[in-house]
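Here is how the chains run, residue by residue.
Protein chains: 2
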Amino acid sequence: MLLSRQLTCCLQQNSRLLVFGHRYISQAAAKIDVDFDYDGPLMKTEVPGPRSRELMKQLSGIQNADAVHFFCNYEESRGNYLVDVDGNRMLDLYSQISSIPIGYSHPSLIKLLQQPQNLSTFVNRPALGILPPENFAERLKESLLSVAPKGLPQVITMACGSCSNENAFKAIFLWYRNKERGHNNITKEELESCIINQPPGCPDYAMLSFMGSFHGRTLGCLATTHSKAIHKLDIPSLDWPIAPFPRLKYPLEDFVKENQQEEARCLEEVEDLIVKYRKKKKIVAGIIVEPIQSEGGDNHASDDFFRKLRDIARKHGCAFLVDEVQTGCGCTGKFWAHEHWGLDDPADVVSFSKKMMTGGFFHKEEFRPNAPYRIFNTWLGDPSKNLLLAEVIKVIKREDLLNNATHAGKALLTGLLDLQARYPHLISRVRGRGTFCSFDTPNDATRNKLITIARNKGVVLGGCGDRSIRFRPTLIFKDHHAHLFLNIFSDILANFKNRNPGTSWSEPEQVFEQRL
Amino acid sequence: MLLSRQLTCCLQQNSRLLVFGHRYISQAAAKIDVDFDYDGPLMKTEVPGPRSRELMKQLSGIQNADAVHFFCNYEESRGNYLVDVDGNRMLDLYSQISSIPIGYSHPSLIKLLQQPQNLSTFVNRPALGILPPENFAERLKESLLSVAPKGLPQVITMACGSCSNENAFKAIFLWYRNKERGHNNITKEELESCIINQPPGCPDYAMLSFMGSFHGRTLGCLATTHSKAIHKLDIPSLDWPIAPFPRLKYPLEDFVKENQQEEARCLEEVEDLIVKYRKKKKIVAGIIVEPIQSEGGDNHASDDFFRKLRDIARKHGCAFLVDEVQTGCGCTGKFWAHEHWGLDDPADVVSFSKKMMTGGFFHKEEFRPNAPYRIFNTWLGDPSKNLLLAEVIKVIKREDLLNNATHAGKALLTGLLDLQARYPHLISRVRGRGTFCSFDTPNDATRNKLITIARNKGVVLGGCGDRSIRFRPTLIFKDHHAHLFLNIFSDILANFKNRNPGTSWSEPEQVFEQRL
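Residue numbers (our numbering), protein chains in the order written: chain D, -2 to 513; chain R, -2 to 513.
Please note that a few of the clues may not be correct.
[To be verified] As a list, the in silico DMTMM-like pairs of lysine to aspartate or glutamate whose alpha-carbon atoms are at most 20 Å apart:
{"id": "1", "chain 1": "R", "residue 1": "K361", "chain 2": "D", "residue 2": "D63"}
{"id": "2", "chain 1": "R", "residue 1": "K54", "chain 2": "D", "residue 2": "D63"}
{"id": "3", "chain 1": "D", "residue 1": "K391", "chain 2": "D", "residue 2": "D63"}
{"id": "4", "chain 1": "D", "residue 1": "K138", "chain 2": "R", "residue 2": "D63"}
[Said to hold, decoys possible] Which bits of chain R does chain D cover? Going by a derived footprint, with three or more residues having C-beta under 8 Å, they are:
{"id": "5", "region": "229 to 239"}
{"id": "6", "region": "365 to 378"}
{"id": "7", "region": "440 to 447"}
[Stated by the list, open to error] Computed Cβ-Cβ distance ranges for the label pairs, DEER-style:
{"id": "8", "chain 1": "D", "residue 1": "S57", "chain 2": "R", "residue 2": "D415", "range": "49 to 59 Å"}
{"id": "9", "chain 1": "R", "residue 1": "R395", "chain 2": "D", "residue 2": "S57", "range": "44 to 54 Å"}
{"id": "10", "chain 1": "D", "residue 1": "G58", "chain 2": "R", "residue 2": "G58", "range": "42 to 52 Å"}
{"id": "11", "chain 1": "D", "residue 1": "D488", "chain 2": "R", "residue 2": "G58", "range": "51 to 61 Å"}
Because the hints were derived from the structure by calculation, they are not lab data. Positions of the beta carbon are idealized from the N, C-alpha and C atoms, including for glycine.
Model the full assembly from the supplied sequences, consistent with the hints where possible.
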């Protein structure tokens, strides 16, 4: 109690210094998006503040709330700024685990809700697969199909990222089995055995995935997720092949040959695994990969690696599923991160969710289920999310937000490289594409401290892997936001060097990053 | 073309006769909910009509649309009536696969959307597990916790039914492993092996399920789903135990002893399977069961069966997971169907979705994950659905809709029993609880014909199993709607006897029910 009061007192004294808009900000950062975005962070308490802590206790009575960072006032949150229940306003570079496309409370989305003709879409959620609304196909055309990846004209919507990948797997298994079967005659034995989970009806197919990948947390997805033990411990899984993902050395220009060798080693292992698993009668029907491994630590590989991987999939008759749940929707400067590979035939299936508001997957014609109800569930997504997405895509196009991501991302990456040069003991392996940037810290503890300090200075950051900090701002994150962040973070790093326990750099005891 | 024109012509002539509100309706059915519900079906074309068929073609270019029944005008749909894009207004006894709780366009829900303070909830979807809105705990209390099943004070929200069951399985596996481990020391071997899908980190645990069950379509759920081949064919699965579910003989009062024996046989098999699987080192961590098997054919078992099954779970240390995705939210006359069992400790975990607007599961304290991020995903449901649900529950309480379900269900069931007595060659095994009613037809073809004819007469019905018709009306389905339906259906059955191909009883060629 006393400690907590002292902390609060101490932080209140600090709060005057923490109004960064006035003290550290460069000229570029002073720009204001008048009627929408705020002009800078504004801190009133430590975070989580007293109101957040009170609410955490309440929520703790209902469910494990140890992952909660703080409670938010979404009504007051705008643009790139997240406002908490203690009145703190923070520049949000994490955007709800990369799931807010065009900022909080975007006027265009608010307007949609205010139009009487849209109300029905929010209260009458249909079973889309059997009783779609009149404008369903039209809305898919103006939203998802207007940004369909090259060569993938078919799309199925789902409610979340995990369901998107689960159903993409299923579409791949159906496709593979049809190919293998070579005809439409399904045997009685297949029909009967599948009901009781046995072959031949349930064939022993597998998806090949990569170490460090994250593709979701339901049982099928989880069998392809290999990022952190806490996601997988104590959950039964499937014996599916797992290939190594390249571990690139930075700066890339200094390790060209080593990195090429590393990528070649991983690709060789992919082929070996496909062959090895086929020998034990477990068929690799598809390969799933993220264009940038996100949850697993922002692990990049070269465009050349992915081009070769795509060729391997084709060579061995495996479907190539690109998981763009986190990399999709423009943050890398292209709408889909796989566009950077420059391929005519980049993928067979592409899954999405998060910033796309709705989950789902695009696929080639040949992956279209050959009968109704094979890829199906009650809701199959939610037309209200399709409505929001259509507007989001209009805003992305109207405001040229892909180019903005490239531009703002360059400002951010340049600044990070500069900080890396100045603080090499704290920052390494700076990397990124568009605003999808990250860097490594020396260890888990330092990473978590930096995130906590930044938060108390008015910047929300996210961690990934075991020591990385990832940037996942909205698409309306501009150069001036990058400069604003860089000024604040530069100051944090300057002070971090001399940091001693017991100073005013108080750190909440709550461990909010992933454990185990 | 000519045939189609003749059909249209014929149907237009019929349409005058098809205005049921005036011709066949009993006094009770004439009641009108003035400002919300319509007063009866109104048919203008066959269903699907020309506009629906045009839209089907459009959608077919984007995805397999063979499951689509027709396209809807949700703006014009109200209460128990679904309006299609050809202006046909149908009494809806299927309610989007049982997922519309208080009817279409309910004024209370529309009002919610119109309140400016709620707009933010619909446009700023948070990552609930890390950055919940201020009112999150409060909203859970006024919605989900206000209807929490006995003894289950903890709740976690999810986006859909499959994710609810997948995560309920995971919570059960964590619980079982903690129990088995007996301490908190996790070994290095466990941490390392789980990342690559291997034991001991990924133990060989299983969920026991029942033949005929439906628990979802993602890979984990699908391993416990055994209703139809089309759901499972060509998808790899897990070797998890599957027990027989009682196949009761009707009328129940004539087969008391046979049905008791049948239930005893199934329960014995459950115990045998648990023991048998343990012997081969596959541990049954939990049992999942629907209070009434829905998708699988509306298969009921006695309350006594479930009480004994619950005891078996307890005896063998297995978690008891009751899947109330379809049976929950009041349609059986109790908020949860398992309340009919009259147990003090009915379940360890209860999953929900559909009419609850949000997915999720309730559980006992002991099933609470022991660390953050173990049961987690980006969205963990959607606060906008919690907002709608809170209002739905208020309406259910205010309008006493549980008693209404009992009352209207009785009217429906009584009428169905009467029809069964009159048309025993067409209707058998009439059964139900609340409005959750169903009956069998002689075969798949007859069932599908009856559904098609009913639809063209202004009534939307759903099928389940291989020959059943199930009733899944909204909770505002009243006695007079039951009478309205019974009058229409009675007429259909009377005509069905003498039915010849080529008469005006035209049936769309489109097969909309499940195939294979």
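Practice task
Please write out, lowest number first, the hints stated earlier that are contradicted by the structure.
Solution key: 2, 3, 7 and 9
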